[in-house]
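**Student:** Can you build the whole structure from these sequences, using the hints too?
Chains A and B, in that order, are what the protein sequence lines are.
Start counting the first sequence at 1; every next residue gets the next number (the numbering used here).
Start counting the second sequence at 1; every next residue gets the next number (the numbering used here).
Fair warning: there could be bad hints in the mix.
Unchecked claim - Short, incomplete list of chain B residues facing chain A, as computed with Cβ under 8 Å:
no., residue
1, E253
2, V257
3, A314
4, H317
5, G318
6, L323
7, L325
8, P331
9, M343
10, G361
Keep in mind that the hints were calculated from the coordinates and are not lab data.
This structure is a prediction, so every number in the text was calculated from the model and none was measured.
Glycine is no exception: its CB is placed at the ideal position from the N, C-alpha and C atoms.
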Amino acid sequence: MHAGTRQEQSRIRGWFESRGAADSHFGTVLVLVILIILQTVVLGFDYSSVGHWFSSWARNWINILRNNAGIGIVSLGMTMVIITGGIDLAVGSTLVATGAVIMTLLDTGPKGLFLKMGLTGIPAFILTVGTAIILGYVLGTVIGLLITKGRIAPFVATLGAMKIFRSVTQHFMQGYNPRVPREFLKISNLTVGNLMFMPIIYWLVVAAVLHYIATRTVFGRQVIAVGSNERAARLSGVNVERVKTRAYSLMGILVAIASVIQVSRIGSMDFANAGSGYEMDAIAAAIVGGTVMSGGRGTIIGTVLGMLIIAVMNNLLNLFGVPPFLREAFKGLIVIFAVLLQRKESA
Amino acid sequence: MIRMENINKSFGAHRVLKDVTITIKGGEICALIGENGAGKSTLMNILGGVHQRDSGRIYINGSEVEFATPADSLNAGIAFIHQELNLINDLPIFENMFLGREPVNKWGRLDLDRMRAETEAIFGRMNIDLDPKTMVRNLDASYKQIVEICRAIMMDASVIIMDEPTTSLTAPEIKRVFEMMDTLKKQGVGIIFISHKLNEVMEICERYMVLRDGELVAEGLVTDVTADDLARFMVGHDISTDVLTRQKIIGPEVLRVENLCHTHAFRNVSLNVSKGEILGLTGLLGDGRSELFQAIFGAEPIVSGDIFIEDRRARLHGTEQALNLGIGYLPGNRKENSIIKDMNVLENASIVTWPLFARQGIIDKKKQENLFAEQKTRLAIRMRKNTDNINTLSGGNQQKVVLAKWLPAGPKILILDNPTQGVDVGAKEEIYDIVLRLAEEGMAIVVLSSEAAEIIRLCDRALVMYQGEIQGEVSGDTMTEHDIMRLATGGSLAAS
Ligand SMILES: Nc1ncnc2c1ncn2[C@@H]1O[C@H](COP(=O)(O)OP(=O)(O)OP(=O)(O)O)[C@@H](O)[C@H]1O
Ligand SMILES: [Mg+2]
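**Tutor:** If you want it as structure tokens, here you go:
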């Protein structure tokens, strides 16, 4: 009787796999679908006015996605890093560091760098975003080099970087409250037909690009190889150090993008607290999406699904009126649950 | 006595075992042979509780048993030496020896002293010079295999399954393992011995059972057949083991090594290989040849000495650079050094050759598949879909995939460490032939092997290593098992 259900299960899984996905996200999709159905039920289906119901349902969804776009992007980079067998605890601090630079460059007050140089409007925005991305890249690369050339364990190296980046940022931003131009906020808050969904687009685009990198480029496949069997990868002529370093560089770039989204959403940043806890949320999304902490396994699609599961669950807890402090407990539960499920599957 | 009756097993739609019935008696060594992918390991995995059969029954001494887990099988007195190494690298040898059945003292603490003592005792009986406190990580493949064998031997099992236990061992250890098997047999232990080396089967086994495509096609007494008969039973037709011939055009020197020294594995090694030449390297356990060529491939640090590629000094600081300089290296110990378990067959086969099918780092899937398709037919790899996980292939077929990843890379010099480990007799000939063709096309080839017979058949000349140094060279007339063994044990060739 057990065998029957197991066979049935594997048949369904096989069907999913034959639809082209190398890693089937069967379980993850299933959980997400259940949560979405639950959420729809809770929101209540309005039979009298389907149109009205749908627009409020959609609005709720756009809210969820927009609120999670930044961390969603960070979690994609975290996935790559975890697949190499590493971890990046410094994402939150990198986020405030790049955020501080963005705001300093764009400040509309007397200290604003670009304003002093007479640079305003779109060119200033483009330069700012470019600088942020370069800075993210540099910070990520430094972390990567510490890990590969300096042979410091990823946990330790990024823990150090986490402390350093934030404390240096806080020091320099002490008593300084830059304001970014209102037009800059359009990057995240542009409304189209009174809907605000730009961050969602960025998230989707970044996810698509990363999915492509992970599945279709040599680098993406080498990331898997390095995380799965570093020795075999090395003995196949893979430059293990470079692959790892690049994963952290990529992480830095993605954090910079998240930082741009964050700053342009609210126009300010709390340098002491912004981004703290991002590392854990990003890791949680990756794990729920099927990434294995010991490396070698994980997908971009999985992490997007993982992020959605966590987001919908948060939304549900909100709808149920669960007190905010308790919600984190649920996040913890779902991560543990996901890992237990994975273990059962691999056994 | 163990009886497996009408065992059937499928993986998905793929029927791997078809109504297989076998009997193993105590006090007997029984060979289980068959081509790569015939189902030998699968059958044994069912007996070992690793896989579950679809139908059929297993009896021990007449009563039916059910093995849901490997532990069940072990508790029923069946010890299993798996085809792939199964040790924990981060534990010392003696703890590995007792994994899962650790003895405790009266305080409930691990009885480390007893574990160490018993390990020492078995090493003593096997005449093995190993410190039980050594971390397994620091052992090379052959020593790991020995540890696995010793572990199974000391389990007091009534049946021992040995799935290709000798693939990375050299003659003296094989001899000692055989002596142990003989002793165990006399004590009434039944042994199932899987091997592709038919001379071993002829030497040590009483009975044979042949699997072909998941069916038991022949069984009987070894004394009634010859090695050629066994080979024929396996593949269904005769296998020609003709003398290998090739057009020998030896060109200029490709690789030269001068006074290369490693921290401990080898010292003062000098050698050279030329275009179109096949150089053999052999020796006994701990001769350092694998480490030597890992160093030449940039994967091991060297203390002093020089490496020249086509007369240009190469300062290697990584394998990628070595690859770019035209060095190819197929390592031994497949599971740890070659197989990337989270990648599928296609990706495992194309991890080296990506410049051939990727532009600007972007993979051309079609090209990648075509490249592999060629190798797949060339090496007759028995597999289903490219996207299957590498672990679903039989051991010998995994080895072929690993070989396939180097063949199209077209290095100037290709180093093959134990290239035929675990491949069946027919495929072995194929691989030999491929190696010869590569040499004909002008590749310099180095074959590392512990099988003197392989070296003699394949190589133009061979260097024999002893404890990290090159003890001597054999070629032409001196290329005999006798002379190789003399050098390998630290002797010298008699002055003639
Ligand atoms: N876990 C698995 N999933 C799917 N197919 C499998 C799995 N394990 C083995 N197979 C298939 O079963 C067949 C028999 O494999 P098995 O490992 O028993 O061969 P073998 O006789 O031991 O060969 P070798 O001499 O190469 O070790 C092969 O075709 C293999 O691809
Ligand atoms: Mg096998």
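**Student:** Min Cβ distance, A314(B) to chain A: is it shorter than 8 Å?
**Tutor:** Not OK, violated: A314(B) not within 8 Å of chain A, min 15 Å.
**Student:** Please check whether G361(B) passes as an interface residue: C-beta within 8 Å of a C-beta belonging to chain A.
**Tutor:** 5 Å, holds
**Student:** With a cut-off of 8 Å on the beta carbons, see whether G318(B) makes it to chain A.
**Tutor:** Holds, because the Cβ-Cβ distance from G318(B) to chain A comes to roughly 6 Å (cut-off 8 Å).
**Student:** Quick check on V257(B) please, does its C-beta sit within 8 Å of some C-beta on chain A?
**Tutor:** 19 Å, violated
**Student:** Would you settle whether the hint for P331(B) is holds or violated, based on the nearest Cβ-Cβ distance to chain A being less than 8 Å?
**Tutor:** With Cβ-Cβ at 5 Å, under 8 Å, it holds.
**Student:** Closer than 8 Å between Cβ atoms is the bar; does L325(B) clear it against chain A? Give me holds or violated.
**Tutor:** Violated, about 11 Å.
**Student:** Given L323(B) was flagged as interface, is its beta-carbon under 8 Å from a beta-carbon of chain A?
**Tutor:** This interface hint holds because 3 Å falls under the 8 Å limit.
**Student:** Holds or violated: is there a CB of chain A closer than 8 Å to the CB of M343(B)?
**Tutor:** Holds: closest Cβ of chain A sits about 6 Å from M343(B), inside 8 Å.
**Student:** Identify whether the interface hint at E253(B) stands, where standing means a beta carbon of chain A within less than 8 Å of its own.
**Tutor:** Where the cut-off is 8 Å and the nearest Cβ of chain A is about 23 Å from E253(B), the hint is violated.
**Student:** Does H317(B) pass the interface check with chain A, least Cβ-Cβ distance below 8 Å?
**Tutor:** With a minimum Cβ separation of about 10 Å from chain A (threshold 8 Å), the hint on H317(B) is violated.
Violated hints, in rising order: 1, 2, 3, 4, 7; the structure is consistent with all others.
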